[in-house]
Amino acid sequence: MSGMILTLDKVCKSYRNFALRDVSFTLPRGYIMGFVGENGAGKTTTIRCILGSTRTESGSISVFGKDSRTEPVAVRSRIGAVYDTLMFAGHLRLSEVEAHLRRFYPEWDSRQFRTFADRFRLPEKTKCGKYSRGMQMKLMLSAALSHHAELLILDEPTAGLDPVARDELLEILSEYIAGGEGSVLFSTHITADVERIADYVTVLHKGRVWFTGAKDDLMEEYAVVQRGEPFPQPLRDACIGLHDTPSGCAAILPTDRLTELPKDAIFEPAKIEDLLVYLAKGGE
Amino acid sequence: MKILLKNRSDVPIYSQVEEQIRSQILSGELPEGTQLPSIRQLARDLKISVVTTTRIYNDLTEEGFLQSVAGKGCFVAPRDNDLLRERMLSEMESGLEQAVRCGVKCGMDDQALHDALQTMIDGLREEGSI
Chain A
1 MSGMILTLDK VCKSYRNFAL RDVSFTLPRG YIMGFVGENG AGKTTTIRCI LGSTRTESGS
61 ISVFGKDSRT EPVAVRSRIG AVYDTLMFAG HLRLSEVEAH LRRFYPEWDS RQFRTFADRF
121 RLPEKTKCGK YSRGMQMKLM LSAALSHHAE LLILDEPTAG LDPVARDELL EILSEYIAGG
181 EGSVLFSTHI TADVERIADY VTVLHKGRVW FTGAKDDLME EYAVVQRGEP FPQPLRDACI
241 GLHDTPSGCA AILPTDRLTE LPKDAIFEPA KIEDLLVYLA KGGE
Chain B
1001 MKILLKNRSD VPIYSQVEEQ IRSQILSGEL PEGTQLPSIR QLARDLKISV VTTTRIYNDL
1061 TEEGFLQSVA GKGCFVAPRD NDLLRERMLS EMESGLEQAV RCGVKCGMDD QALHDALQTM
1121 IDGLREEGSI
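Protein chains in written order, with the working numbering: chain A, 1 to 284; chain B, 1001 to 1130.
With the rest of the complex left out, here is chain B (with noise of 0.2 Å):
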């Protein structure tokens, strides 16, 4: 597990740690089954607060991303495709408001969203990156 903190990023430590520990799981990276370093070693290494460290495992296992095992550890959870299916569909809707929300900024109508939409679609399908 890699984690790199950034001291003057206006993201909260423990958002810092939640995104990569997550999207080394996404990615394969951390597969399942592999074990975590301890709250309280995590909390040494990065030299961050204890009770930093206990949100970030409680709010990871809470997302079904971690799972803990009394008497031994925090491990990565086996691979729930409704839970991923779900994150990427909240991924997809957020983006998607940010999208419209900035279209709207730049004065485009429904038929231009629609549009702009469409033609996103069929550029990554084109240069075959979907």
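For reference, chain A alone in the conformation it holds in the complex (with noise of 0.2 Å):
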């Protein structure tokens, strides 16, 4: 499993009205994996495990062939993290948040950080507090960078950020793992991002994996189909999502299943916000 640089086994967690149920899934090196889901699908309490900083009820998680579990440091030190709000004290300054990087990881590269800091033009007499939300996502981001991380993981990192922003960051990403080393693992409402970049995607519903595979197969499996009428049997039951209304039905459709398609059919490739708006309307 050398290959691997996450992998995911049966892991399970619950809370009082949630539960993660038996997620499986693995990123090879070098690739990006986006990881999508409705709100309350998982995605940030498997994010959590994967980070150790919530424990898992069973099942395995292993970073760089390291078990998360008993092995912590090593594993969380290799890993880059990003938040969707900032996880460092608001009235810290650029180079006291550098300060308390350095002493808690060990590979820390200043002139890194530096390097980042300047291309972002972070300010430095600022707090970080009273940093835009694109200034605080790029300072979490110059921080995840310059530890020499084999593995960024990004909990919504576009939220709230503007096109240019998202776009630099997209850059970021591609940049990073365009050597061949370091892996991305990155949740976000925002499809598009998705769809653009990312090699492998991860659906979470309701606590479980849905689809985790490469995204080009993903987009290939399904198609959105509409009808006038109601779809006949068998065809009806394979569809995720069915919704009927006066003016016709829609579902979300297997790709295998088109041929049965009565001829005034429609369809068209699904999206991943095709996907998960019609899991959503009642896909199990």
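What the hints contain is simulated information worked out from the structure, not anything from laboratory work. Glycine residues also receive a C-beta, built at the ideal position from the N, C-alpha and C atoms. It is possible that some hints are incorrect.
Here are the simulated EDC-like pairs of lysine to aspartate or glutamate, each with C-alpha atoms no more than 16 Å apart in a straight line [what the hints assert, rightly or not]:
| # | chain 1 | residue 1 | chain 2 | residue 2 |
| --- | --- | --- | --- | --- |
| 1 | A | K271 | A | E195 |
| 2 | B | K1047 | A | E38 |
| 3 | B | K1006 | A | E195 |
| 4 | B | K1006 | A | E71 |
| 5 | B | K1047 | A | E195 |
| 6 | B | K1047 | A | E98 |
| 7 | A | K125 | A | D167 |
| 8 | A | K271 | B | D1010 |
| 9 | B | K1047 | A | E175 |
| 10 | A | K271 | A | E98 |
| 11 | A | K127 | A | E98 |
Distance windows between CB atoms, simulated [stated by the list, open to error]:
| # | chain 1 | residue 1 | chain 2 | residue 2 | range |
| --- | --- | --- | --- | --- | --- |
| 12 | A | K66 | B | L1004 | 38 to 46 Å |
| 13 | B | L1084 | A | R133 | 18 to 26 Å |
| 14 | B | L1083 | A | P230 | 45 to 53 Å |
| 15 | B | L1004 | A | T255 | 51 to 59 Å |
Could you fit the two chains together into a complex? Lean on the hints.
What follows is the structure, encoded as structure tokens:
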């Protein structure tokens, strides 16, 4: 399994109102995986399990071939993490943030951090709590990229970013994996970002993995189908998120069932956003 | 090599890139032996996935447009005239099929279709474009 940088095997974790069940997926070295799913699907919980900030009940997580439970420090120091909200104390200035990080990461690279800070034009004198959302993300990203991390984990990094900052982020991620050594796992609601740069996609739905694999496969395996009349059986049972309205019905259908569609139906390739929307409408 | 991607196109990214590389090879803009960027470089330049880029190079290699040399990278393959001919023929057939379908839809019979084809040939020959 040396080619795998991250392996989750049947990870379970339950809270009072919510449970992750048998979450399994793998991410090979040198690739980007998009992690998508409706709000509350379990993306952040899964990420917290990988980062070791919450304990799993069963199942295993291996990062760089190490068990994240038995070697949490070795694992954590080689992961760069970016969260959707600032993880540094708001009163710190750039150089103070760096001083903290330097103590935490044995592999800390000051020059690298300065290079990114310059590139992103992070202000020196402003307290980081006063940074704009885009600046805060860039600060976290600079930190994540400055200790020779081999795995970047980003939780909703594009949330609240303007299109320019989003594009910059995607550029950095492409750049990061170009060498073939680093991998990226990023959760997002902005599925257009995933559609463009992700190599692999994991779709989480109600705490379970609904799909995991190559993004191109996902986008070829499902189609959005529509018809003025209801879909006949047994096709109807194969429909995901079927909804009928007086003006017609629509659903997601695996592409290998398209041949059974009545002639008056229309279909188009499903985008990831379509899949999420239809899944939320009642797919299991 | 120039690649322009349409994000809002219905044509998937991989076919857009494949089609552009193919046409640049066929037109001679990318001559035989030209080295293409590495898979990871191209993915980064276009901000598309590495897996998609790998597929693009594999498809074009299988079709005979590219040649990969272990340890060196991907190059434009020597021009294979049989391959070119086959491609042209298949393009001709699909164009013809579309023409016939359109003609039949507007009620043309066999004779009318034949006549239209002959008129087209005569017209093109007259203007000297074939």
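Cross-check of the supplied hints:
1. Distance check on the hinted pair: A:K271 and A:E195 sit about 8 Å apart at the alpha-carbon level, within 16 Å; holds.
2. Under the criterion of a C-alpha separation no larger than 16 Å, the hint pairing B:K1047 with A:E38 is inconsistent with the structure, at around 25 Å.
3. With a C-alpha separation of about 13 Å, the suggested pair B:K1006 and A:E195 falls inside the 16 Å cut-off, and the hint holds.
4. Between the alpha carbons of B:K1006 and A:E71 the distance comes to roughly 46 Å, so the proposed pair goes past 16 Å and is violated.
5. Straight-line distance between C-alpha atoms of B:K1047 and A:E195 comes to about 11 Å, which keeps the hinted pair within the 16 Å bound.
6. For the proposed pair B:K1047 and A:E98, the alpha carbon gap of about 30 Å is over 16 Å, so the pair is violated.
7. Taking the CA atoms of A:K125 and A:D167, the gap is about 26 Å. The hint is violated against a cut of 16 Å.
8. A C-alpha spacing of about 11 Å is found between A:K271 and B:D1010, which places the hinted pair at or below 16 Å, so the restraint holds.
9. Restraint check: the Cα-Cα separation between B:K1047 and A:E175 comes to about 9 Å, which is no more than 16 Å; the hinted pair holds.
10. A threshold of 16 Å between alpha carbons decides the hint, and for A:K271 with A:E98 the separation of about 40 Å lies outside it, so the pair is violated.
11. Between the alpha carbons of A:K127 and A:E98 the distance comes to roughly 13 Å, so the proposed pair stays at or under 16 Å and holds.
12. At roughly 44 Å, the beta-carbon separation of A:K66 and B:L1004 lies within the given 38 to 46 Å, and the hint holds.
13. In this structure the supplied range 18 to 26 Å is violated for B:L1084 paired with A:R133, their Cβ-Cβ distance being about 53 Å.
14. Checked against the given bound of 45 to 53 Å, the beta carbons of B:L1083 and A:P230, roughly 48 Å apart, stay inside it.
15. For B:L1004 and A:T255, the Cβ-Cβ distance of about 28 Å falls outside the hinted range of 51 to 59 Å, so the restraint is violated.
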